[in-house]
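Asker: Numbering of the sequence shown is given in this note's numbering, commencing with residue 1310 and proceeding in unit increments.
Hint data in this document are derived by calculation from the structure and do not stem from the laboratory.
These numbers come from a predicted model, not from an experiment.
With a Cα cut of at most 20 Å, we get these calculated DMTMM-like pairs of lysine to aspartate or glutamate:
hint, residue 1, residue 2
1, Lys1323, Asp1428
2, Lys1340, Glu1461
3, Lys1323, Glu1312
4, Lys1470, Asp1428
5, Lys1323, Glu1394
6, Lys1323, Asp1384
7, Lys1388, Asp1428
8, Lys1573, Asp1583
9, Lys1573, Glu1529
10, Lys1340, Asp1428
11, Lys1340, Glu1476
12, Lys1323, Asp1393
13, Lys1323, Glu1386
14, Lys1323, Glu1476
Estimated spans, in silico, between C-beta atoms of each pair:
hint, residue 1, residue 2, range
15, Arg1400, Ala1558, 50 to 56 Å
16, Asp1384, Ser1574, 46 to 52 Å
17, Asp1393, Leu1580, 52 to 58 Å
18, Asp1393, Thr1420, 23 to 29 Å
19, Asp1583, Ala1489, 29 to 35 Å
20, Arg1352, Asp1393, 22 to 28 Å
21, Lys1586, Ser1479, 41 to 47 Å
22, Asp1384, Met1469, 30 to 36 Å
The C-beta atom is built at its ideal place from N, Cα and C for all residues, glycine as well.
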Amino acid sequence: VMEFLGAEQALPAKRWSRELNFLQYQANNTKPTSVIPAGTHLRVTVPWREVHNPEVILTTEPVQESHLRLFRQIDPEGKAYRSDELVEVARSAGVPVRLESTLGSGVYEQTIEFTTTVDSVLALRLENGLSPQLAAKAQRLNAEIHPRVVVELSETTQSMKGAVQWETASTQRSGVGIPADASAALTVGVAQNNEAKPDATLTGVGPNLTLGAKPDLLAESRISVGNTAVSGSAVSAGHLAGLAACLQATDVRVTDLTRTMGLKSGTPVLLPADWIKSISPRRPESER
1310 VMEFLGAEQA LPAKRWSREL NFLQYQANNT KPTSVIPAGT HLRVTVPWRE
1360 VHNPEVILTT EPVQESHLRL FRQIDPEGKA YRSDELVEVA RSAGVPVRLE
1410 STLGSGVYEQ TIEFTTTVDS VLALRLENGL SPQLAAKAQR LNAEIHPRVV
1460 VELSETTQSM KGAVQWETAS TQRSGVGIPA DASAALTVGV AQNNEAKPDA
1510 TLTGVGPNLT LGAKPDLLAE SRISVGNTAV SGSAVSAGHL AGLAACLQAT
1560 DVRVTDLTRT MGLKSGTPVL LPADWIKSIS PRRPESER
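Can you build the whole structure from these sequences, using the hints too?
Answerer: See below:
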């Protein structure tokens, strides 16, 4: 069973298990509450990437077969029943879906969807369904998976009014998601005032490969137009995409972008003025 909090982390008030991650709901412009309103449509997804060794295990089946279980607290205040009394309201069914398969790794995903019929205090439990045969293969692979647990509102109308979040354990240091964890993917993170944020994490893919820093590059994450300001990783990605388009216009190969610019992995994107001056203007189409 997955532990959402480490042994060195203290349990939140009124919470008694590291194996349960309680949810909370936050309507727009209000404080979060542990009660999920009746009629809320939830989707919990766990994607993960695991290594493949063709000599050990078939690439079409997951070694780590994760199962999701969603519980409702019967009496959160502990008035009529003990507060740790739970009832299961949903669980994942069937084998995980295979999203991608390569010679070195595979990407799998397990999902549950649930609609609350009453106001509920909900908690998630993530279990591993390894059979003895798969467990032996997992040990021979000598690899550990790092799943990402994502919760969201599955209806657009509800997501416009609020958001469902993790209450017990939530982190922004979860690294990049799938498929951005692939070594061939160029990922962009947030840099404030051209300074790297300290929460860039390490991730890797495939057997016998060293870990690589992700996100690959960091870019400024704020932009203001008139009286409107937006921020976030989408802005960072937009900055770098615009820069890549400009460089492509100077005949810089996009596939060799980082090495051409001399950028180091995990650092903010800064182009030296002398380097920019050295770029020759792109020749007209008629002269090529």
